[in-house]
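Asker: Listed below, chain by chain, are the residues.
Protein chains: 2
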Amino acid sequence: MRMLFIVSAAILFVAVAAAQSQPPQLNIMPMPGVVQFGAGKLHLLPSFSVAVDGVKDATLERGVQRFVAELSRETGMPLRNKTSESVNPSLVIHAERRSEAVSRLGEDESYELAVSESGAKLTAPNPLGILHGLQTFLQLVAPSPDGFALPAVTIKDRPRFPWRGLLIDVGRHFIPLEVLKRNIDGMAAVKMNVLHLHLSDDQGFRVESKRFPKLHEVGSDGLYYTQDQIRDLVSYAHDRGIRVLPEFDTPGHSGSWFVGYPELASNPGPYTIAPDAKDSVTDPTQEATYKFLDKFIAEMAQIFPDAYFHIGGDEVNGEHWDANPKIQAFIRSHGMKNNQDLQAYFNRRLQEILSKHHKIMIGWDEVLHPELPKTIVIQSWRGQESLAVAAQQGYSGLLSFGYYLDLMWPAARHYAVDPMSGAAVNLNPEQRMRILGGEACMWTEWVTPENIDSRVWPRTAAIAERLWSPQEVQDPGSMYVRLGELSWRLEWLGLTHRSGLVPMLHRMAGSEDISALRTLADVVEPVKDYARMDSVKGPWDFRAPLNHLVDAGSPESETARHFRELVQAYIQSGYKDQTAEAQIRTALTAWRDNDARLHPLLGQSFLLSDLAPLSQDLSAIGTAGLQALDYLDRSQPFPEPWRTQQLGLIERAKTPKANLLLMIALPLQQLVAVTDPQHSLP
Amino acid sequence: MRMLFIVSAAILFVAVAAAQSQPPQLNIMPMPGVVQFGAGKLHLLPSFSVAVDGVKDATLERGVQRFVAELSRETGMPLRNKTSESVNPSLVIHAERRSEAVSRLGEDESYELAVSESGAKLTAPNPLGILHGLQTFLQLVAPSPDGFALPAVTIKDRPRFPWRGLLIDVGRHFIPLEVLKRNIDGMAAVKMNVLHLHLSDDQGFRVESKRFPKLHEVGSDGLYYTQDQIRDLVSYAHDRGIRVLPEFDTPGHSGSWFVGYPELASNPGPYTIAPDAKDSVTDPTQEATYKFLDKFIAEMAQIFPDAYFHIGGDEVNGEHWDANPKIQAFIRSHGMKNNQDLQAYFNRRLQEILSKHHKIMIGWDEVLHPELPKTIVIQSWRGQESLAVAAQQGYSGLLSFGYYLDLMWPAARHYAVDPMSGAAVNLNPEQRMRILGGEACMWTEWVTPENIDSRVWPRTAAIAERLWSPQEVQDPGSMYVRLGELSWRLEWLGLTHRSGLVPMLHRMAGSEDISALRTLADVVEPVKDYARMDSVKGPWDFRAPLNHLVDAGSPESETARHFRELVQAYIQSGYKDQTAEAQIRTALTAWRDNDARLHPLLGQSFLLSDLAPLSQDLSAIGTAGLQALDYLDRSQPFPEPWRTQQLGLIERAKTPKANLLLMIALPLQQLVAVTDPQHSLP
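Protein chains in written order, with the working numbering: chain G, 1 to 682; chain V, 683 to 1364.
Next comes chain G alone, as it looks inside the complex:
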C-alpha cells in the first residue's frame, strides 16, 4: 500500500517546491498525496448544489449536510442543500460502499477529488474517504477577484498511516462534552481518525458506571460523562469518521478507583480525591480484582464499540507492591522475579478479560512483555526505540513520543518526529507495517476547558500532516504557511485557540485596554517540557485556578517566529536588507516602549504582578536591539563594554519568569553576539 506513495511524493514535491518559491497555491493541510493543477477555477455560486449518485448512506447524508452548512458559514453565503433538486449539481459525490456501523482500523480512507471549471466530482470507496474529500474541498474554497472559487485541480489522496489519533486526558481536568465535540470537528478537518480519551487517573474517574457507581460518584468531583453522553459522543465522532478509544489506566494512575473501592488497592485506604492524597496501585494478586475488572469491562464494552481498549499500564509505582508482604509472597510463590513480572501477569489476566469481551488491548510502553500475545498494541511514550523493539518482536505500535502537546514544543519540533525515523529506520518491511501511526497527546495537568483549544490547535495539525501525508512532505516553511491559514479556518468550527486569549487577558487586567498586555503576551511562551511541574513547591494542586498569562498565552509565539526569521534574513543579507531592518526597528520600538504602558496595569492585578520583570526585560531588549541597529547603520563595530553588557542582559532575559520564556531574546542575542558585523558576513 505504501509503495504507491513513491510516485505520489515525486509529484507532490513539485507542488511543495512551487509553494516555497512563490505564494503557496494550495493551502491544504494535511498536504494531499497527489496534486495536479488544471486550468481555471470553479466558482461557488449561491446556486451551489450537491448530488450523491453512489450508495445512499445516512452517515454520508449527514456529512453532506454538515458540509453545506459549513460552506455556508465560511463564505457567509446562505446555501441550502438541494441534493435532490438540482439538475446540474456543482459537486457530485460517489461512494461505492456504505459505512460500517463501527469503523475498523485500516478501512480504505482514500478519495479522489476532481475540480474543473464546470463542476467537481468526489469519489471514494466508502464514506470515510468522502468525508476526507469534503474537508479538502472546504479548504480549497477562497475568495477570488470575481467571487468565491476553487482552483481546478485533481487530487488523489490517502493516509500514510491508518491510526492518526489525539489523546485528551479528561482525568486531570474534566473536559465537557461540547469542548470534546468541537475538538472532534477540528480533528475531522485535518483528517485524524482516533479520539483517545484518558478517562481515569488519580484526579478523577470520568465515566458513569451503573455497575460500580462509586467509581464516578465519589471517584470524581461530580464532573463525569453519563453513559448517554458517551453514546452521543461516540455517535458524533463516528459521523465524522473518528473512532473513540477509551483508556482506563491500571494498575497505576488509578487512585480515583480506590475512593469508592479501596479493596482493589495494594494499600489499605482511606482514599480521597485531593492534591495530597495517597496514590496507590491496583492489587493484582487477588481474584476479586479480576472479577471487578471483568464486570467493569463488560459494562464499558457496551458503550465503547471500538475494537480496541486501552488499559494504560504506565508508571506503576513499585513501592506499593514492595511494601505489601502479601503481594511479595505472591510474587515468590508464582515464580516471578520482580514487580515487572507481576505487572505482566496482571496484563495477561486483563488481556484475557478483554479478549472475552471481544476487545484488543492497548497499553503504554511498559506493558511490553514477551508473555503477552502479539495481538496487543504498544503505545510508545518513552522513546522511539520501544516502538521499534515492539515491532521487531511482532507487536503493533503507535508513536506518541515526540507528540506530547503539554510539553509546549513548537509545531516544527513535533513535525520533525516521524514514526519511521529513529530506531524504526532499520525495521524490515513487515516490521514497518506494524507501526500503525501515532497520537498527539494532550495531558491536562495545566489545561482546562478554557485553554485546551489553544494547547491542541493549531499544533496538532502539524502532527496530523506527519501521519497523513507522504513522508517526503517535510518542509517546515511550507508547513507554517499552511498551518497559519488552517488556524483561522479552524475557528469557524467553534474552536477558540486564537480568540480565547482576549477574554483571558481582559480577566487578568480587569479592564478594557489590554493592548500593552497583548504585546507582551504575543512574545512569550510557556516554559517547556516538565519545567512548570518541576517548579511546583509541595503537592501539585490540580484544583488551583489556571488564570495567569502562562495559561492563556500560545505555546508557540507567531510574533517571535516571524521576528526570528526577520533577524536571520537581515543578518544573512549582510545587514543590508532595509525592509527587514525597518520591520525589526518597528517591532523593537514597540517593545522598548511597552513597559511604560504596561507597568501601571501590572500593579493593579494580582494576576499580572509577577509579569513586571518580564515586561522590563522586553523593554531592555528593545532598547538594546535599537542601539545595535544604530551601530550597524553606521557600520560601527559594537563597542565594549556595551556588547558584553547587552549579552549579559539578554542572557538574563532568557531565564524563565512567571513560568514564561521571552522568545525574542534568542534572535536578539544572535544579532548582538557578532563581534564585528563588518567581518561576520555569512
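Hints were generated in silico from the structure; no laboratory data involved.
Don't take every hint at face value.
[Said to hold, decoys possible] In silico DSBU-like cross-links for lysine-lysine, where the CA-CA straight-line distance does not exceed 35 Å:
| id | chain 1 | residue 1 | chain 2 | residue 2 |
| --- | --- | --- | --- | --- |
| 1 | V | Lys896 | V | Lys1339 |
| 2 | V | Lys723 | V | Lys896 |
| 3 | V | Lys1056 | V | Lys1019 |
| 4 | G | Lys181 | V | Lys863 |
| 5 | V | Lys973 | V | Lys1008 |
| 6 | G | Lys41 | V | Lys1339 |
| 7 | V | Lys863 | V | Lys1008 |
| 8 | V | Lys723 | G | Lys657 |
| 9 | G | Lys56 | V | Lys973 |
| 10 | G | Lys537 | V | Lys723 |
| 11 | V | Lys738 | G | Lys210 |
| 12 | G | Lys374 | G | Lys291 |
| 13 | G | Lys41 | V | Lys1219 |
| 14 | G | Lys356 | G | Lys326 |
| 15 | V | Lys896 | G | Lys56 |
| 16 | G | Lys654 | G | Lys528 |
| 17 | V | Lys1019 | V | Lys973 |
| 18 | G | Lys214 | V | Lys738 |
Mind docking chain V on chain G? Use the hints.
Answerer: What follows is chain V alone, placed relative to chain G:
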C-alpha cells in the same frame, strides 16, 4: 414611585462626578440608583459560597447556580455552589416572596446589595430583584493587587421604567434559538426585562402553527421555531427575569401569511417568499379573516404566556385596499371615511379577539385611534410626539423612536433620547405614568445570526441604562467608559459582538494576515439611517450574502471616537498638549502607511475590491494630518492652496463609499479648518 429618585439621583451624582475626575470606581451599567461607598473590599476566595435564607424558589435556585457558574467562568476560579454546606457564607440572599409563574408588568424589581469586608447581603422583595442584584455583584468583581475582590459598597437600586425591552426582528432574517438565548443573557446582564420578537413579516413566518401549518411550512424558507422551542425560549427568558412578547404583524407586513392562505389577502395571489414578491394587506372586510385570527391567536396564546400580544399594525399599504372594489364598498356601507377607519375597525375586532383570549393588545403608532379601548398599548416608532399624544388620550405607551439599532447611530445618540423628553415634558404626572418605558429595536434587513450581536451590543446597554437608571444619569463620557468595560464582560456570555469581526475579516481576505484590513475596519462605520436601503437598485434581495465590510464592522468606531477626543484635547490645549500630539501622530502615521500594506490584498478578493477608494482616502488623510501637525509644530499658519486642497480632499473622504463612512475625516477637518492656528485658540 419615581419621586424616590430625587434623593437617589443626588447621591448618585457624587459617584458620577468622581468617576469623571479620576478612574471610575464603579464600572456598573446601568448605573444604580443609590451608591454609598464603604471602607475596604470583599475578597473572592476559592471557598466562596452562597446561602439563600429567604423563600426557596426554583427560579431563584437556578439563578444562583448560573451566578456561581458565571463567577467561576469570569474569574477562572473553579467555584462550586455550596449553598447548603457553608457555615459562614460569603453571600447571603434573601427574597421575601416567590416568583410568579408568569412575570407581570410592574412587579417590584428593586434590590439592595450590601458588600462589606466580611461578606455580602442581597435582599429583594422577590426573585426578580435578586437576579438584578446578582448581575450587579458580577459587575463589581475585579482583580485587585491581592486577589479578586469587590469594593465595600451599599447599593439601593430599582428601575425607572417597568418596561425595558429589546425587539428582535426574526422575520427578515431568521435568528436561531441559541443566538436569541445569548442575547437574552446580555439583556439580563443590563437588567432589561422584555424580549419582543417580531415573528412574521413579508420575508418569513417564524413560528410553527399546528392549526395552520402552511403559515410556517410555506410562509418561510424552512427556518422557524417549533412550539417546543418557543416554550424552551419562554422558560429560558423567564428564568432570567425576562418576558417574551410575541408580535405577529397585521394587516400590513403580512405577505408570509398569504403564501399558504391567500384567501386572507386583499388581492388574489399567488404569493411567494421572494424579493420581488407582491406585497399585500389582510382583507379586514370578511368574517373568515376574524375566524382565522381567532383560532390562530387561541393557539399562540397557549405558547406565549405573557399578558401582552403585539399585532404590529404599522405601514399599511392603502393601495391594496383602494384597488379592491369590494373593500371600498365595505368602507362606504359601514359609514367609514377612509382606510384609516377601516384599519381601526380591524384593530377593534382584533382587540376583541385578544381580549377573549385574555391578552392585552399592543400596536405601533398607527393603531392609535379613539375607537380603541384605553387598555391597549401604543409603541411609538415615528416620533416622541405620538407617545405624548397617546398618553394624553389615556393610552399607555412605549418609546422606540430614537432606539432603532439598525440606523447605526452611536450609543450616545440613543442615550440622549429620553422617554420623558420631547413632547412628553408637558405631560401631567398621571399622563407620565402611562409611559411604561421603551424598547431598543433590532430590525434585521441587514442583520444575520452572524452579525446581530455586533449590532445589538454594546449599544443596547446605553438604552438599557436610559430606561433603568435615574433620569439624571446623563453624562456620555461616563457612559462610554462604563460601556467599554461592560462590552468585554458581555463576551463571557457567549456574545460575539467584539470577537465576531475577526473571522469575517479573514473570510473577506481569504488569508492569515488581516492587520491592514483591521486598521481600515477600525475607522469606518456603516452608513446611517436608511442610506443603505436607499442605495439598493431594484428590489431588495433579503437572501443576498451579508459578508462585506459594511456587514462586519462595528456600528460605532471606538478608534474614531478616541481620535476625535484626542484632536479636541489637542486643539483645546492650544496645540500644546504634546502627549495628545504624539498619539495623534502615531495614529496618522499608521493610517498613512496602511494603503501600501492593504492594496495588494484588495485586488485578490471580490469582497474587498470596493474598499480601494476608502483605503486611499485613509492614507491621504493620514498624510494631510501629519503635514498639518508639522505646520503646527513650526507655529506656521497653514499655507494656501495647501489648506484648501486638504479640505477638499477631506470633504470628499466624508462621502460614503462601499456603504461605509470614514469616521476620522471629521476630526481631521476640524484640525485643518483652522485658518491660522496662532489666532484660533479657544
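Asker: Does each hint fit the structure? Answer for all of them.
Answerer: Now for the hints, and whether the structure bears them out:
1. For the given pair, Lys896 of chain V sits about 42 Å from Lys1339 of chain V by alpha-carbon distance, which is inconsistent with the 35 Å threshold.
2. With a C-alpha separation of about 60 Å, the suggested pairing of Lys723 of chain V with Lys896 of chain V is violated against the 35 Å cut-off.
3. Our distance criterion of 35 Å between C-alpha atoms is met by Lys1056 of chain V and Lys1019 of chain V, whose separation comes to about 23 Å.
4. As the CA atoms of Lys181 of chain G and Lys863 of chain V are separated by approximately 20 Å, the hinted pair is consistent with the 35 Å bound.
5. Taken as a hint, the Lys973 of chain V and Lys1008 of chain V pair is honoured in the structure, with Cα atoms around 19 Å apart against an allowance of 35 Å.
6. Among the hinted pairs, Lys41 of chain G with Lys1339 of chain V is consistent with the structure: their alpha-carbon atoms are about 30 Å apart, no more than 35 Å.
7. With a C-alpha separation of about 46 Å, the suggested pairing of Lys863 of chain V with Lys1008 of chain V is violated against the 35 Å cut-off.
8. Proximity of Lys723 of chain V to Lys657 of chain G is assessed by CA-CA distance (about 30 Å); at most 35 Å being required, the pair is judged to hold.
9. A C-alpha spacing of about 46 Å is found between Lys56 of chain G and Lys973 of chain V, which places the hinted pair above 35 Å, so the restraint is violated.
10. A threshold of 35 Å between alpha carbons decides the hint, and for Lys537 of chain G with Lys723 of chain V the separation of about 30 Å falls inside it, so the pair holds.
11. Distance hint between Lys738 of chain V and Lys210 of chain G is fulfilled; the C-alpha atoms sit about 32 Å from each other, no more than 35 Å.
12. Restraint check for Lys374 of chain G and Lys291 of chain G: satisfied, since their Cα atoms lie roughly 24 Å apart, inside the 35 Å limit.
13. For the proposed pair Lys41 of chain G and Lys1219 of chain V, the alpha carbon gap of about 30 Å is at most 35 Å, so the pair holds.
14. Note on Lys356 of chain G and Lys326 of chain G: the hinted pairing holds, with a Cα-Cα distance of about 29 Å set against a maximum of 35 Å.
15. With a C-alpha separation of about 30 Å, the suggested pairing of Lys896 of chain V with Lys56 of chain G holds against the 35 Å cut-off.
16. Between Lys654 of chain G and Lys528 of chain G the CA atoms are separated by roughly 13 Å; this keeps the pair inside 35 Å, and the hint holds.
17. For the proposed pair Lys1019 of chain V and Lys973 of chain V, the alpha carbon gap of about 25 Å is at most 35 Å, so the pair holds.
18. Distance hint between Lys214 of chain G and Lys738 of chain V is fulfilled; the C-alpha atoms sit about 30 Å from each other, no more than 35 Å.
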